[in-house]
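Engineer: Residue numbers (my numbering), protein chains in the order written: chain A, 1 to 257; chain B, 1 to 295; chain C, 1 to 300.
Treat the hints with care, as some may be off.
Under the rule of at most 30 Å between Cα atoms (straight-line distance), these lysine-lysine pairs were calculated in the DSBU-like manner [what the hints assert, rightly or not]:
#, chain 1, residue 1, chain 2, residue 2
1, B, K275, A, K244
2, A, K244, B, K112
3, B, K212, B, K150
4, B, K212, B, K112
5, A, K244, B, K274
6, B, K112, B, K150
7, A, K216, A, K244
8, A, K80, A, K244
9, A, K68, A, K80
10, A, K80, A, K95
11, A, K216, A, K72
12, A, K80, B, K33
13, B, K150, A, K244
14, B, K112, A, K216
15, B, K212, A, K244
16, B, K33, A, K95
17, C, K79, A, K95
18, A, K72, A, K95
19, A, K244, A, K68
20, A, K216, B, K150
21, C, K79, B, K33
22, A, K95, B, K112
What the hints contain is simulated information worked out from the structure, not anything from laboratory work. All values derive from a computational prediction rather than experimental measurement.
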Amino acid sequence: MIDIDNLSVVFGDGENRVLAVDQFSLRVEAGESFGLVGESGSGKSTVLRAVAGLLDTWTGNIAVDGAKLGRKRSRDFYAKVQMVFQDPFGSLHPKHTIDRILSEPLIVHDLDNREARVRDVLEQVQLGPSFRFRYPHQLSGGQRQRIAIARALILRPRIILLDEPTSALDVSIQAEILNLLDDIRTQLGVTYLLVSHDLGVVAHMCNRFAVMRQGKLIEVAESAHLGTGALSHAYSRQLLLASKGYDRALVDTFADL
Amino acid sequence: MVCAMFSTRVENKMTQTPILDVQNLNVRFDTPKGEFHAVKDVSFTMGREKLAIVGESGSGKTQTGRAILGLTQGRITADRMTFHGSNLLGLSPVAWREIRGRRIAMVMQDPKYSLNPVMTIGDQLIEAGHRHIGTISPRQRSLEMLEAVKIRDPLRVFRAWPHELSGGMGQRAMIAMMLMAEPEMLIADEPTSALDVTVRLQVLAILDDLVKTRNMGLIFISHDLNLVRTFADRVLIMYGGRVVEELPARDLYSATHPYTRGLLACAPEVDNPKKRLAILNRDPAWANPPPRGGR
Amino acid sequence: MISAPFRNWLLSDTPDSRFQARMGRFYLGWLTFAKNPLALLGLIILVLLIVMAIFAPWISPHNPLSGELEDRLLPPSGKFFLGTDENGRDIFSRIVFGARTTLYIIGLVAVTAAPIGLLIGTTAGYVGGWVETALMRITDAFLAFPKLILALAFAAALGPGLENAVLAIAITSWPPYARIARAETLTVRNSDYLAAARMTGAGPFRILFGHIMPMCVPSLIVRVSLDMAGIILIAAGLGFLGLGVAPPQPEWGSMVAEGRSQILEQWWVCTYPGIAICIVSLGFNLIGDGLRDVLDPRGK
C-alpha cells in the first residue's frame, strides 16, 4: 500500500544543513496498522510529512497503491490519503465552525449530499449533531481530536497517517481516541501509518512497527514480540526498557545519548 | 487519617517532623463565568521523601504545587500551611523571596521557557546562587552543580547559551540552577514530560540521587501513573481539585478508588496487551467532599 | 438591555445553525468591546458623525454653500451659534455637511487601501520566493517616503478634487497593511491547520482567501481604525493646501485653511472645524483600541 524506497529528507543548507531522514525504506501492506517509533529528532514525523506531500525537499521514491508520487500531489491523492495531526489545538482553523471544517473537503472534491455526510461522520466519531456549529475553542482536546479524525474520514480515504494523535491528550481521553481509531480500522479496513514516541501506544495499535533513530531505520519488529522482549537491536531494547517505568539501576546501563 | 496511613510516627522529632504541612488548602479563581474552585480541601504533610501528585489536566495538581510557593493568581486559603513550622500563608513579597528559590525551589515543565534566552547558562547559575555565602567562588560552585546533575562537560555547558542545549541538557541545567541555593525542598511540575523516554529516566535519576544525597524533599507533579509508580515514595491522586486517594507508590496497583483504578486500566502497556482499552467513566461525585468528613 | 432567552440563544455552547454561531461570536465580541468605556465613547462619536452626515440637510440651520455678505465673520451667537466665515456662511452648517466629505474619504480609503494591502501581503507571505521579494520591495519603496509628501505629490499630479484626494491617500496607505498582512501570514503559514487545508486538496486561492485572510483581517481592522485619524488629518492637510475638495464644498481641512488669516481676530473660523477633526480622530483611535481587545488574534 505504501512503498518508501531510499527516502532522504534534507532541511536547510550550508552550515544549517540537517539530514532529517537518511535513506529510509519501508513497505506497509494494505489494511495494516504500522507504527513508527523513535525519540525526538529521529525523523519519524518527517517521513510521515513526506508521504503526505507536505514537504518539498525529499529524494528517493514514494509510492502509494502502486502509483509513484511526485512533489505535488493531486486532488485524487488526497481522496486516498489523509492525516491526523498531533496537536488538536493547532490543527483546526480557529475561525471556522466544525461544519465548515468538515464541509470544506467535500466542497474541494465536488461531492454532493454534504449535509448528510457531515452528520454521518460526526456520528462515526461519536459526536452528536449539536457539535456541528461550534467553534474549535468551544471543544475539549479530545473532542477536537475527534473532529480532526472526522475531517480525515469524510473523504473515505484508504490510508490515514496518524502523527502522534494522542500525545497531547490525557491518558483516559487517549484510551477513547485509540479505541475509536481501532473501530474505524475494523469497520472501514483503512491502512494506518502511526507515528508515536510511546511504545505502549504503538504496541496496542500496530501489528508491526519500525524503530527510527537519527533519521535511520534501526529495525522492524512485530508488536506481538514486544512482550517477550525479542528485539534485535540494543537501542530498541533500551527504548523498550525505558518505557516500562523508572528503575535507578537501569539508568546506569543506558548508553549515553 | 492521612498522615497516620503512611508513616508510623516515631517519637524522634529530628527525622519525623514534617518539612511541609498543608491542611485544607483551597485555591479559588474569579472568572467571568463565576468562581472557579481549582483546589479543594487538599491536606498532606511531607518529610524528606518523594511525594508525587498525579492527575489529569484540570485536576488541580499544578495549582497545588504553585500555591505552596504562593505563585498562583488565585485566592489561597488554608487552615494551615507551614514549612519547617513557619507559616506560608499571607507572606509579604520580601518574606516570599527568602523562601522561593532559597529554601523551596521549583522546576518547570519546559526548560525552553524557563531559561533566560539572553544569558549564558553560567551567568544564570551564578545569579541563582548570588545570595549564597560560601568559601568557593560562584563559578566553581556552578561547575560543581553542573557536575552534580551529571553533565559530563560542565565547562562547555557553563559557557553555552540556552538555545545550544538539548531538552535534556536544558532541564539538567535548570535543576543545577535550582540547587545553587541549596534548597531543602524541590517542587518539580512535570519536569520530564517534554523529554524523550531515556532522557526522562536520566533526569529522574538525577532528582532521585539529589533527594538521597542532599536529604531534600521532592514534590513531583505528573500525569504519568506508570512513572510515578516506579519513581515516587508516596502518591496523591487528584481529581477535580480534590485528593481522591493517597497511598504508597508501590501499592498503586492495589488502589481502591475507582478513578485511580480507571486511570490504571485505560493506559496501554507494552508487555500486557489488551484487546480493547478500558474507558474511564467519570463520576461527578468524585469531586465532591467525602461523605463523612474524614478529615 | 437584552432579553434573557435571546441572550442564552446568543451565548449557547451548542448553536443550531451557522447564523446562530456567527451571531454568538459577534455578541461575545460586543460584550468585550462594551466593557471598555473609552471604546464606547469612540463608538458614540462615530455614530454621531454618521447621523450628522445622513441628516445633514435637516440638522444644519443655514445653507452651507452660500451666505449673505452682511453676515461676514460674525462671532458665535444665537443665530449662527458657531459664527460665520468670511463669505458669511454658517460654520456649524458647513461642519455638519463636512462630515459627509470626511466619511466619504475615510470610507473609500478603508475599502480600497485595506484590501489591496491584505491581498499583496498575504500573497507575498504565502507564496514566498521571488514573488515575495518583488511585492515587498515595492511596498518598501512606498514606505520610504513620508505619507503626506507622497499623497501631496499624487494629488498634485492628479489635480485637485475629492476623488483624486481619496485616490492619493489610498495609494499611500496600503503599504503598512501589506506589511502587517505578510507578518500575520508568516506566523500561520506553517500551522497544522494550513497543512490540514492543503491535505484536503485545496488550491492556493482557497487557502489564501478561506484560511489565511481570516487570520489577518482582525489585526488589519484594528490598524485601519487607528489609521483613520491619520487619514482624516491627511485629507484635511490636502484640503488645507487646496488639493482636496473643490471650493464651495465644505471640508474641515480647507475650512481651517480659509480661517487661518483671521485666526487672531476671528478665532472661531478655524477653531471649530479644527475641534471637529480632533474629536473624530480621537473617536477612531478609541474604537481602534477597543477593537484590539476584541479581535486580538492571540487572544483565543
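Engineer: Evaluate each hint against the coordinates.
Structural biologist: Hint by hint, here is what the structure shows:
no.	hint	in the structure
1	K275/B with K244/A	holds, 19 Å
2	K244/A with K112/B	holds, 27 Å
3	K212/B with K150/B	holds, 15 Å
4	K212/B with K112/B	holds, 28 Å
5	K244/A with K274/B	holds, 16 Å
6	K112/B with K150/B	holds, 20 Å
7	K216/A with K244/A	holds, 24 Å
8	K80/A with K244/A	violated, 37 Å
9	K68/A with K80/A	holds, 14 Å
10	K80/A with K95/A	holds, 27 Å
11	K216/A with K72/A	holds, 25 Å
12	K80/A with K33/B	violated, 44 Å
13	K150/B with K244/A	holds, 23 Å
14	K112/B with K216/A	holds, 27 Å
15	K212/B with K244/A	holds, 23 Å
16	K33/B with K95/A	holds, 23 Å
17	K79/C with K95/A	violated, 54 Å
18	K72/A with K95/A	holds, 27 Å
19	K244/A with K68/A	violated, 40 Å
20	K216/A with K150/B	holds, 28 Å
21	K79/C with K33/B	violated, 54 Å
22	K95/A with K112/B	holds, 29 Å
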